[in-house]
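Participant: So the protein sequences, as listed, match chains B and X. Reading the first sequence from the start, the letters are residues 4 to 361 in the working numbering. Reading the second sequence from the start, the letters are residues 4 to 361 in the working numbering.
A portion of the hints provided could be inaccurate.
The calculated DSSO-like cross-link candidates involving lysine-lysine, where the alpha carbons are at most 27 Å apart (straight line), are [said to hold, decoys possible]:
hint, chain 1, residue 1, chain 2, residue 2
1, X, K226, B, K361
2, B, K313, X, K219
3, X, K92, B, K343
4, B, K6, X, K6
5, B, K236, X, K226
6, B, K313, X, K313
7, X, K313, B, K219
8, B, K306, X, K219
9, X, K236, B, K361
10, B, K361, X, K343
11, B, K41, X, K6
12, B, K6, X, K92
13, X, K260, B, K226
14, B, K219, X, K306
15, B, K313, X, K361
Hints were generated in silico from the structure; no laboratory data involved.
Number of protein chains: 2
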Amino acid sequence: MLKPGSTIGILGGGQLGRMLALAAARLGLHCHIYSPEKDSGAFEVVRASTCAPYEDEAALAKFASSVDVITYEFENVPAKTASFLAKRKPVFPDPHVLELTQDRLIEKNFIDGLKIAVAPYAAVHSASQLAAGLDKVGRPAVLKTTTMGYDGKGQVKIMPGDDANAAWRKLKNAPCILEGFVKFEREVSVIAARSADGHVECFEVTENEHRDHILKISTVPAKVSPALATEAKRIATRIAKAFDYVGVFAVEMFVVKTGKKQAVLVNEIAPRVHNSGHWTIDGATVSQFEQHIRAVAGWPLAKPIRLGRKVEMTNLIGAEVNETQAWLTVPGASVHLYGKTDARPGRKMGHVTRVYTK
Amino acid sequence: MLKPGSTIGILGGGQLGRMLALAAARLGLHCHIYSPEKDSGAFEVVRASTCAPYEDEAALAKFASSVDVITYEFENVPAKTASFLAKRKPVFPDPHVLELTQDRLIEKNFIDGLKIAVAPYAAVHSASQLAAGLDKVGRPAVLKTTTMGYDGKGQVKIMPGDDANAAWRKLKNAPCILEGFVKFEREVSVIAARSADGHVECFEVTENEHRDHILKISTVPAKVSPALATEAKRIATRIAKAFDYVGVFAVEMFVVKTGKKQAVLVNEIAPRVHNSGHWTIDGATVSQFEQHIRAVAGWPLAKPIRLGRKVEMTNLIGAEVNETQAWLTVPGASVHLYGKTDARPGRKMGHVTRVYTK
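Build out the structure end to end from the sequences listed, making use of the hints.
Facilitator: What follows is the structure, encoded as structure tokens:
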């Protein structure tokens, strides 16, 4: 158990690292941010920071020696970086989780192996696998590179009549996973935390609305049956245990109708704090960021309680950051800006959480 | 109106400066902390900081040139420092407020001049004034130095039979104010914010419980009648306007019974964010810290809405910081530690806010 005044090293300097550092500060814990990006927003809220590539072993060694425990804000930390650091200081979640989640195919196989329902999928390493996969999952389907994709990058839709091989060429014939198109009723996620001693706390099931493959709005409570909410949390808990996970993670799921009943299919896992959990900063008695800090610090988790009858989180994407002024006076709204200067299209610049108390 | 990415200079590096900086970070605003204390907790959550005496004009000039606007976390900033800075950058609240509030006697006369009820008091600059004052306010009474006192420091009680002159000598015969002892029913405070364009927002009246002259517990809602709550807020609003105040301030009041009705007497004003407003971080849709940052940045204020049916803030004073562990698992409790290492008796080490949702 880390004492107050200890230092948590965080790999990655974006808004997630920034909000983790702000949560740590409240608890009297210091953070040291390691990021290759010069203009990392997280640098602004900590005293100790290292700006160096993830391959710079001298910088990594120095970073490791200056912290008590290490975590990360995103799952694409190079495996070599994680294992280099893990030899020097405890890394949470354990780097083996990165190996399982950095590759969509390995992740899907892992979840499938836990007897948890996923959308139909197939591995694509050859043209014949692609053809066989399409036979299996049907059209429309989505072809995704197994690694490095996010926010809709690294994926292409295959519609009836489309040339599948041409679609694959768009992804440079990289190893892919072909996913059947799921006619979902809604998208939800469960943000869960697991402590070092194996205790799991789930936040309420969150309903998510994407635009252009980027999360736009998260709402709590989600419009799902109590039974489905329980099942969704059970799945998250099952995954946490199977991973021997320590920290916060998100499970994105599709809600589908089978007959009159709702059922869930797991879409993907994010082994980190997640955009769909941002509402917890203002809308719950503990935030996902604090839960993660508690977990990696070896502290007990808090039991999250929602504040207000409804909570809605809206991302400010690209030029939408200019709407900030209008949000400032919306009753119950809390504005968060990430300190980014360049409002590129598709870039997450901030978010607003609105708590409905009445 | 400051743009996101602007820098707010804060004089003082204690927990108030720290929590102001954390609130600013959420809004995409930077802070530069100026403090003479090497181990200032606020240094930990900002990138820019200056550790120099308040009399160091070179350091002050450099500080001023690096920020867009200046504020302070406490009212005992030397008047000369404030006026030096005010010539270089906008300072909020205006330094004239410091002159009015750094001296208890001037403050009391000012409030009295606004026809706002205060406890009976008298100026003490001589033994004859002391005797006349005791005749006026009665015994028991409290003799307080006009400047620099806080948390019970710089004051002495005069009971029936006590040697008043001996009491005054304990305060080194400094200029004093003698205050009549108020038999109050309860102590309350109003935390209010006033924006640059003159709009005032009050937080709910907060009930405060002191131990050894130090705030121990704040509770919302306070046990006061709706009429008294309205009157308390009216008084705070009146004071804000009279000061032409910009930022957050606190008015501490005594609730007294006159017949069957509750009435308030103003005890003192703190021209800054205040310990009795810490509950707003977790217990309201906007915190006192964010309101202050909004005000000094020229942004509109938010309308504060309480979260939960009851909110209770408990200070962790001195060795009580060791109770932190137990608080971590209390339902609805949020723990805040200020990053102080030395848990001296009477030192505010952190606080816990408990939001009762049921």
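Participant: With reference to the structure, classify each hint as holding or not holding.
Facilitator: Going down the list of hints, with the structure as the test:
With a CA separation close to 23 Å, the supplied pair X:K226 and B:K361 stays within the 27 Å bound. For the hint linking B:K313 to X:K219, the alpha-carbon distance of about 33 Å lies beyond 27 Å, and the restraint is violated. Restraint check for X:K92 and B:K343: satisfied, since their Cα atoms lie roughly 25 Å apart, inside the 27 Å limit. Restraint check: the Cα-Cα separation between B:K6 and X:K6 comes to about 38 Å, which exceeds 27 Å; the hinted pair is violated.
For the given pair, B:K236 sits about 40 Å from X:K226 by alpha-carbon distance, which is inconsistent with the 27 Å threshold. The suggested pairing of B:K313 with X:K313 holds, with an alpha-carbon distance near 19 Å, which does not exceed 27 Å. At most 27 Å may separate the alpha-carbon atoms for a hinted pair to count; X:K313 and B:K219 exceed this at roughly 33 Å. With a CA separation close to 25 Å, the supplied pair B:K306 and X:K219 stays within the 27 Å bound.
Note on X:K236 and B:K361: the hinted pairing holds, with a Cα-Cα distance of about 23 Å set against a maximum of 27 Å. Using a Cα cut-off of 27 Å, the hinted pair B:K361 and X:K343 is violated, with the two alpha carbons roughly 39 Å apart. For the proposed pair B:K41 and X:K6, the alpha carbon gap of about 21 Å is at most 27 Å, so the pair holds. With a C-alpha separation of about 40 Å, the suggested pair B:K6 and X:K92 falls outside the 27 Å cut-off, and the hint is violated.
Between X:K260 and B:K226, the direct Cα distance comes to roughly 51 Å. Violation of the 27 Å bound is thereby established for this hinted pair. Of the supplied pair hints, the one linking B:K219 and X:K306 holds, its CA atoms being roughly 25 Å apart against a limit of 27 Å. The hinted pair formed by B:K313 and X:K361 meets the criterion: a straight-line CA distance of about 16 Å does not exceed 27 Å.
Of the hints listed earlier, those the structure fails to meet are numbers 2, 4, 5, 7, 10, 12, 13, in rising order.
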